[in-house]
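K.L.:
Sequence:
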Amino acid sequence: MIKFKEEIINLLKPFVNIDKSLIENPPNAEFGDYSIPCFRFSKEFKEDPKKIASDLAEKLVLNKFFENVKNIGAYLNFFVNREELIKNNLCEIFKRKEDYGSQTIGKGKTIIIDFSSPNIAKPFGIAHLRSTVIGNALYHILSKLGYRIIKINHLGDWGTQFGKLMVAFDEWGDDDKLKDNAIDYLVKIYIKFGKKAKENPGLDEKARESFKNLEKGSSKEVKYWKHFRDLSLNEFCKYYDRLNISFDYFQGESFYNDKLTDTIDFLKDNIQTEISDNALIIKLEDKKIKTPMIIQKSDGASTYHTRDIAAALYRIKEYNPDKILYVVGAPQKLHFKQLFTLLGMIGYDENRFIHIEFGTMTYEGVMMSTREGNFIHLSDVIDKAIKTVREIIEEKNPDLPEKEKIAEQIGIGAIIFGDLSNDRTNDIEFSWEKALDFKGETAPYIQYTHARICSILRKTEDSISNEIDFSIFKEDIEFELSKILGEFSTIVEKAALEYKPHIIATFLIELSQTFNKFYNSCNILKEYKDLRKGRLLLAECTRIILKNGLSLLGIKAPENM
RNA sequence: ACACCCAUCGUCUAAUGAAAGGACAAUUGCCUUCUAAGCAAUAAAAUGUAGGUUCAAAUCCUACUGGGUGUACCA
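Taking the numbering used here, the leading residue of the first sequence gets 1499, the next gets one more, and so forth.
There may be inaccurate statements among the hints.
[Unchecked claim] Simulated pairs of lysine-lysine, PhoX-like, Cα-Cα distance not exceeding 25 Å:
1. K1786 / K1831
2. K1972 / K1568
3. K1736 / K1686
4. K1757 / K1718
5. K1972 / K1903
6. K1568 / K1541
7. K1605 / K1593
8. K2027 / K1981
9. K1503 / K1568
10. K1595 / K1503
11. K1882 / K1903
12. K1903 / K1831
13. K1568 / K2027
Since the hints were derived computationally from the structure, they do not count as laboratory data.
Please take these sequences and the hints and turn them into a complete structure.
P.N.:
Below, the structure is given as C-alpha cells:
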C-alpha cells in the first residue's frame, strides 16, 4: 500500500513534487484506486486544474504497478495493477504477521501517559471508563510506533474530600459496614456529610482541619486515609484485571505530598508569586489566562495545582519523557492550560505536555455524579453485558467451549468498543440499549468476523503460504479486501498522530464489513486448490489485521464464539 | 458577565478545505453451502440559521439560535 503511494510520487516527480498525504482514496471504483486532486497545482502552473490533470494523465509513463491513469475533472486517477497490489499487500502482511503496522518512528523516545486516575473512596463508574480505555488504547498504539511508554495512574487520593470523609467516618462511621461494601458505604457517609454540612458549616471547617492534619502526617488521619485508599485500590484493581489494563506506577496525588514544600519554594524562587487573601497564587494574566493558580491555600494546605506541578517536575526529573499525555476530561481544560503555561514559564517546552481531552459522558441528559445519585457502576454495565452475551451464546452456540471466558471477552470488548468507536472529543450519552446491543458497528461484529476466519482456518488441511499464483484473484471484492488490509499501517500512524483510537475502530468496522461481503460471495474451502490457497491467504491476512487492530484497542479476539 | 466546546438522515455516528459514507430502527429475501452476532435487496432520509473567505466549506471566519462545560482556596 505504502509502496503504491511511493510509486505514484516517483511517477509524478518529473512534473510535480507531491506529499504522500495528498494521495486520496476515491469514493467509488469508477474513479480508480488512488487519486490526486490537482486544484492546488493550479497556482503553481497558473493553469486550469482540469487541464493540469489531463496533461499529467497524458504525460505519465506507467510502470508495472499501474494499468491506467486518467483525469476525471480536476482529479488525476490511478488504476493499479490489481494482481501486483494484492501480491504486495498480502505478502507483506503474511511475512510480518502481528508485527505488521509496527514502526520505528518512536524508537528511543519516551512518552508518559497519565490516565484512568479515579478518585479514591468513590465507585468506579462507567464515565471513568473513558480515561481508562482511551489511555490504554493510546498506550498500545504508541507502543506500536516504537515509543517507550510509561503508564501512570494519578489516583485522586488526596485533597479536602478526604477531610470530609474522615470527619464523616469519625461522626457516623461503622467499621462493620465498611468491611461489607467499602466504597458504597464511604459514598453514603460522604453524601450524608454534604447534607449535614449545609446545615452546619462548622463541619466544613472541621474537614479542612482534618485534611491539614493529614498533610502534616498526623497518625489518626493517616491511618484512616490508608485504610480508605487500600480498600478502594483493591476494588479498582479488580476492574483493571478484568479489562486487562496495567500500570507502571500508581503515583497518585498523595505521592507528591512530601515534594510540595520544595515545589512551592522552587516556584517562589523562579517565578513571580503573590499573596492574595492569605493564599499563595501565581497570576497568569500576562499569558491571557484570567484565573490565577492557587499554589497554597490560605490555611497552608496544598491544591491540585500544586500537586500537578510537583508531579510534572518529578516525572521530568525521574523519567525525562519526550511527552506527557494527560488523559483527562474536557471540563479540566482550563486547569491544564494553566498548568502547561506555568511549566512554560519555568522554562519547559509547552508542547511536551498534551491534554488528551475527551467529552463528557452523560446519562439521561446530565453529567453523571456520585453525589446526585445519577450514576452507573461499571460493574453493573459489565455484569449486564456479560449476562446478555451468555444468553446469546446459549441461543446460538450452546456447545461452545470455555463459554464463560468468551462471554467475558465479548461483553467487555463491546463496552470498550462502544466508548472507543466515538471520536474522543464527542460527548457520549450512555444508554443501556446501546451498551447491550451487539449488532452492527460493535466489537462483537469484529470479533465474530475474526472467529469466522479462525473457524475456516481450523478446517483446512492446506498450509497457508504466500507462494501462490496471484493471478487467480478475479473478483472485485478480493481486490477491495486486499487494498483495505494494506491501509492498516497508515491508519495506525494517523491514530497515533492525532491520539485518536476511533480511527482504528472505524477502520476495523470497514475491514470487517468488507471481509463479510467477501465471505458471503466467495467460498474458500470448496474451491479448487490454487484459488483455495489464495483465498486462505487472504483470510489469514484479514485475521492477522483484525486481531492486531483489536489488540490496539485493548480488546480480545476469541477464536471461537 | 466572561471564556471554551458542541450542532450531520427518525436515532447513533464517519469524513488531512476537494467526489457527504456507515450503523440502528422499518419491509423483504438467504442457514442439508466455510459460524445468520452474518449477507443481500427495498424504501427512504442529514451538514441548526444568516452572512463571509476560497476555484472548492460539514470542515476556516463573523453573528445569531439551541445545548453543554468552566471561571481563586473541590479535583
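K.L.:
Take the hints in turn and mark each one as holding or not.
P.N.:
Hints, verified against the model:
1. For the proposed pair K1786 and K1831, the alpha carbon gap of about 15 Å is at most 25 Å, so the pair holds.
2. Distance restraint check for K1972 and K1568: the Cα-Cα separation of roughly 23 Å lies within the 25 Å cut-off, and the hinted pair is therefore satisfied.
3. For the hint pairing K1736 with K1686, the CA-to-CA distance comes to about 22 Å; that is within 25 Å, so the pair holds.
4. A threshold of 25 Å between alpha carbons decides the hint, and for K1757 with K1718 the separation of about 22 Å falls inside it, so the pair holds.
5. Using a Cα cut-off of 25 Å, the hinted pair K1972 and K1903 is violated, with the two alpha carbons roughly 40 Å apart.
6. Pair hint K1568 plus K1541 holds up; C-alpha atoms about 21 Å apart against a cutoff of 25 Å.
7. At roughly 22 Å between alpha-carbon atoms, K1605 and K1593 fall within 25 Å of each other, so this suggested pair holds.
8. Of the supplied pair hints, the one linking K2027 and K1981 holds, its CA atoms being roughly 23 Å apart against a limit of 25 Å.
9. Between K1503 and K1568, the direct Cα distance comes to roughly 16 Å. Compliance with the 25 Å bound is thereby established for this hinted pair.
10. Between K1595 and K1503, the direct Cα distance comes to roughly 22 Å. Compliance with the 25 Å bound is thereby established for this hinted pair.
11. Annotation: proposed proximity of K1882 to K1903 holds, straight-line Cα distance about 15 Å (limit 25 Å).
12. With a C-alpha separation of about 39 Å, the suggested pairing of K1903 with K1831 is violated against the 25 Å cut-off.
13. Distance hint between K1568 and K2027 is unfulfilled; the C-alpha atoms sit about 37 Å from each other, more than 25 Å.
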